[in-house]
Structure formats: C-alpha cells, structure tokens
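Participant: Line order of the protein sequences matches chains A and B. Those letters in the first sequence? Residues 349 to 606, per this note's numbering, in order. Those letters in the second sequence? Residues 2 to 321, per this note's numbering, in order.
Calculated from the structure, these hints are not laboratory results. Quick caveat: nothing in here was measured; it's all calculated off a predicted structure. None of the hints are false.
Some chain B residues close to chain A (C-beta under 8 Å, calculated; not the full set):
| # | residue |
| --- | --- |
| 1 | Arg99 |
| 2 | Ala138 |
| 3 | Arg186 |
| 4 | Arg195 |
| 5 | Thr305 |
| 6 | Val317 |
Non-contacting residues of chain A with respect to chain B, defined by C-beta distances greater than 12 Å in every case (computed):
| # | residue |
| --- | --- |
| 7 | Ala378 |
| 8 | Pro412 |
| 9 | Glu416 |
| 10 | Ala542 |
| 11 | Ala560 |
Note that CB positions come from ideal geometry on N, CA and C, so glycine has one too.
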Amino acid sequence: MKQVPDWDIPPASFKVDEATKKVVPPPGVAAVASQFDEIAVEAAMRIKDADNSVKVTVISLGAPTAREVIKKGLAMGADEGVLISDDSLNNLDSSAVATVLSSAIKKLGDVDLVLTGRQAVDWDQGTTGTLIAGMIDAPVVTFAKAVAVNDGKVTVERVLPDATEKVEAPLPAVVTVSNELGEPRYPKLQQIMAAGKKPLQTWAAADLGLDAPALAPKLTLESLFVPVVDTKVEIMEGDTPEEQAMALARRLKEAKLI
Amino acid sequence: MPNGVLILAEVVDGEVVAITNELVGAAQRLGAGPVSAMLIGAGVEGAAAKVTGVEKTYVVDDAALAQYTTDGYVAAAAAIAQQADPAIILLGQTDMGRDLAPALASKLGTAVAMDTIAMEMNDGKLHTTRPAYGGNARAVNSFSTEPAIATVRPKSQDAIEGGAAGAVEKVSADMSGVRTNVVDRQEASAAGVRLEDASVVVSGGRGLGSPENFAGIEELAKVLGGAVGCSRAVADLGWRPVAEQVGLTGKVVSPTVYIAVAISGASQHMAGCSGSKNIIAINKDADANIFKAARFGIVGDFKTVMPALIDAIKKVKDEG
Numbered sequence: 349m350k351q352v353p354d355w356d357i358p359p360a361s362f363k364v365d366e367a368t369k370k371v372v373p374p375p376g377v378a379a380v381a382s383q384f385d386e387i388a389v390e391a392a393m394r395i396k397d398a399d400n401s402v403k404v405t406v407i408s409l410g411a412p413t414a415r416e417v418i419k420k421g422l423a424m425g426a427d428e429g430v431l432i433s434d435d436s437l438n439n440l441d442s443s444a445v446a447t448v449l450s451s452a453i454k455k456l457g458d459v460d461l462v463l464t465g466r467q468a469v470d471w472d473q474g475t476t477g478t479l480i481a482g483m484i485d486a487p488v489v490t491f492a493k494a495v496a497v498n499d500g501k502v503t504v505e506r507v508l509p510d511a512t513e514k515v516e517a518p519l520p521a522v523v524t525v526s527n528e529l530g531e532p533r534y535p536k537l538q539q540i541m542a543a544g545k546k547p548l549q550t551w552a553a554a555d556l557g558l559d560a561p562a563l564a565p566k567l568t569l570e571s572l573f574v575p576v577v578d579t580k581v582e583i584m585e586g587d588t589p590e591e592q593a594m595a596l597a598r599r600l601k602e603a604k605l606i
Numbered sequence: 002m003p004n005g006v007l008i009l010a011e012v013v014d015g016e017v018v019a020i021t022n023e024l025v026g027a028a029q030r031l032g033a034g035p036v037s038a039m040l041i042g043a044g045v046e047g048a049a050a051k052v053t054g055v056e057k058t059y060v061v062d063d064a065a066l067a068q069y070t071t072d073g074y075v076a077a078a079a080a081i082a083q084q085a086d087p088a089i090i091l092l093g094q095t096d097m098g099r100d101l102a103p104a105l106a107s108k109l110g111t112a113v114a115m116d117t118i119a120m121e122m123n124d125g126k127l128h129t130t131r132p133a134y135g136g137n138a139r140a141v142n143s144f145s146t147e148p149a150i151a152t153v154r155p156k157s158q159d160a161i162e163g164g165a166a167g168a169v170e171k172v173s174a175d176m177s178g179v180r181t182n183v184v185d186r187q188e189a190s191a192a193g194v195r196l197e198d199a200s201v202v203v204s205g206g207r208g209l210g211s212p213e214n215f216a217g218i219e220e221l222a223k224v225l226g227g228a229v230g231c232s233r234a235v236a237d238l239g240w241r242p243v244a245e246q247v248g249l250t251g252k253v254v255s256p257t258v259y260i261a262v263a264i265s266g267a268s269q270h271m272a273g274c275s276g277s278k279n280i281i282a283i284n285k286d287a288d289a290n291i292f293k294a295a296r297f298g299i300v301g302d303f304k305t306v307m308p309a310l311i312d313a314i315k316k317v318k319d320e321g
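Bound-form chain A, shown alone:
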C-alpha cells in the first residue's frame, strides 16, 4: 500500500515546487492510501474470507506517516504490517522501489501471492507490480477484477477495454488489481481498535541488505511542472436554450468538429 496526497482535490489547489520537483500538498489535505492499493487489500481479504488460514501482510514503503495506511489495511482485516522506511529510501525511481519491495517479499519468505494496485494514483505509472514479478521471478497477471486461489494456482479475471479474460498462473504469482474488483470494505470501529494491537514492524534499507549502488536510479526526474492551460472558454450566448444550442452547433461546424 502506498501513501499519497489526497487525489480528489480541486485542480486549482494543485501546486508543484519546481526547484525540488515535488508536489506541495494544499494545507489541510490529508495523505491517504492510494485508491487501487485499498482495492488490492480487498482482493486479499476476499481470499482470506474463503480460507481463514491465509495470512495477509501489508507492506508499505514510504515516510513514517505511511504507518497510517498500513493500519487501514490491518483494520480491513490483514494480519500484520511491515513499514519500510529510512532516509536513504526517499526519492527512489520505480525500479528501485520494486527492488526494495521485492527484497522485503523475499525476507518475509513463503509468500504465495503478491497483490498490488494496478497503478498508484500519484505517478500513475502502473509498473511496480510487474517489476516486482520480474525481480522475484514470478508470473504476473495485470488488471484483475476477480482473484481466486485454488490448488497451488491463482485464477484471475482480467478486465480489458474490449474483452474479459480468465488467466491461470502457478503460485507464487503477482497480480495487479483494478477498480472493477469493487469497493474496499469499510472497517468497523471495533476492527480499527483491534488493528492497533496487530504486529507492525519497521525495516530500514540495511535490514534488507540494500545499499546505494543497488538502488541507483535508472530513470531521472528532470522536471515536474504544472502545464499552462491556455484554453479560454467561449460561452454560448442566447436568450433561450435553443439559441445557445444553435450557437454551439454553428461554432462546432465552423471549427470542423462536426
């Protein structure tokens, strides 16, 4: 699970510090769990609902505050959490992020299934799950709307724009989860209280045997900026909806858009 700035803010309040190449969170806007990651936890909990012996671990790489998103996962029903956090792990590129997460998965050992969101809602890259799969040498199935585990294999319904596929892969496997899987469950107060008592470890880069060369960037962020929108809207005038509509139809025709 990844902690991100709340993504549903009005676009006008979105600001970037171009010098540090970072987003400046608007005051009072909370950090939240990335939407698709909560759905990945939901997918894990549905597997646990079917077989209560399944153990679910929530991993997050980020600032110490990312503890809060792990607690959300624990409140949803996960069994334990691992926060990977230290100063040497800030500003990693996507390949280094996957290196850290796959090292943590190897350290946990005996992991049958890795579930991730189909993309994070800040960078929207959609590469982490697949990169992890390559690093732990597991098959990957992306864009799941249903995930089931049986007889040592995972069966995934993949949702694509023009088709739905059913794909099987042997465990261990990696599956990235899409929004079509459905809403993440909403923890009850009692579950939120119980989550505080569940084990939550913190690991640093050294705990994973990772040093600076292992995390060297392959992709460099050269700049981050807010694009200048030079659109000036032309509002259709008219005394009646019919006049406004006809004005629009004529403008669309002049602009060769219809």
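Using the hints provided, position chain B relative to the given structure of chain A.
Facilitator: Same frame as chain A, now just chain B:
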C-alpha cells in the same frame, strides 16, 4: 553499441493498428538512428509487409503466442531486443503495451517510462514527458540505462503515412518458460464505438440526477457517431457500467471532441479527459471547474439544453 529505435507493431485481424504508424512517426522524428519494428504473435508474419516506414521488421511467429500472455510476449520481445540491440524501444500505451513494457524493462534490466505524450533527444538521451498526479502535472524523465523503454499514449503522435515496408527477419524465442495460461476470453459486445477509440465522447455526471436522464447523452452520442462516458460518481451509483467511467480510476480518453454534461470537473475526472482536443462543457454552474478546461461552453440546465442541442446539431448537419 546499442543503436536506433525499435517499435512494437500491433496487428489486429491481420491489419496494422493506428498506434503502430504513430510509433513509427515518433521514432523517425527522434532522429536517433534507424527505425525497426517488432511483430509478435501467431500467424502474424504476413502482416510484416504492412508495417511501413521501417528498415527492418523482426518477427516472432509462434503458435504459443496466439493468446497474449506477459510471459510469452516478454520472451519474444526480449529475443528481438537482443537481436536488434536498440538504444530505444517504444510501445503503445495500449492493453498490450502497458502490460508488456514494464515486464520487458525488468527482463532487460533497464527503466521504463509509461504514457509518454511528448519526447525528444537531449544530450544523446531520450527525454519523455508524461502526465502525473491525475494529469495535474507533467513529469519529464531521462534514462541512464539502455535500452530506454517508453510507452506512448495513442493519438499523441502524428502517424507516418505511406512509406515502404522493411526487410523481414524471423527471430525464434524460447517459449518453454511460459507460466500463465489464458483459459477463457470473452470479447465485449461490439455494439457502438469503443470509448478509447471514439473521436467523439459524450459524458454525463451525477448532475443528471437519474440513470434515465442518460437517454439524452446516448442520443447525442449517436447523432455525433460517438461513445458514451460517465463520471466516477455515476459508475459508483450504478447508473452506468464501470466500463464507461472516464477518469483517474477509469479510462483515459483523448477524443477530438469531449462533451461533458453536468460534470463539475474534479481532478479525478479531468485525469481521464484532459487529453481531449476540444472539451465542451454543459453545466448550470458557471463557476464549475470544467469551464476552465473547455473550449466551448453552455451555462444552462441539461434538461432544456440537451434536447435543443440534439435538434440543433441534426439541423446543422442536414445543411451539409
């Protein structure tokens, strides 16, 4: 020494799809050496002659590639990359490209930048620009490893037109490591225009008040030969299928004309439609965010504006 640009050609029913010509166009304009293509699948060799504007097309044609699997296609793409030794590999940000690109990067030990909307060579390195933070920001990345792998957003690049096909070189790839198996595939109904391919999209928001009021959205889409979209709130309420949701957690569309009806224009939604060439907003709130991104707008109630607009467009189209 890696050299040139390798693009992933995509073929559907034996025909090269539009993104392929867009990738060739983008690769040629980079001026980063010879442009070649890779064509992967079962029974695809014949289509190699239809990939134009390239010096060479590398083909892996194998029965094991009849269905797309990440494992199978990455084995084929890696075998081609080894043979071609390109400095840059471009794929479309399509179903196939967005799945294959990170897997290929992982296999080749290099980096990938997704959903590129602009690119250039700078100091001998590929620089890509992509939307981030739900389209609110642009990120420019450069690569320090080769090959640089990037996916390119459909319709963001001008396609090449015409040109000659390149030489065809068959490459064999080891399919023994394929672990995933597609056991079933159901094509979505072919009725209407696919949202991602539509040149006109008409979307409705929660402001429509009820699922019945989508009748006007459907009719306007029909009159314009376009597809129907909706906001996340509408999909969450179950008024429309999730497949129609445009936005950060739905689909990203880039039509020529995007008509947003009773949609306020939250970040979530704009992330899915801000790449549209012309946004037209219909909303009764003159201060709605959507008007800031729109080229044309009508401030008014959809209940009276929509029927009038459908009539007006029919009338104007009839005038020829």
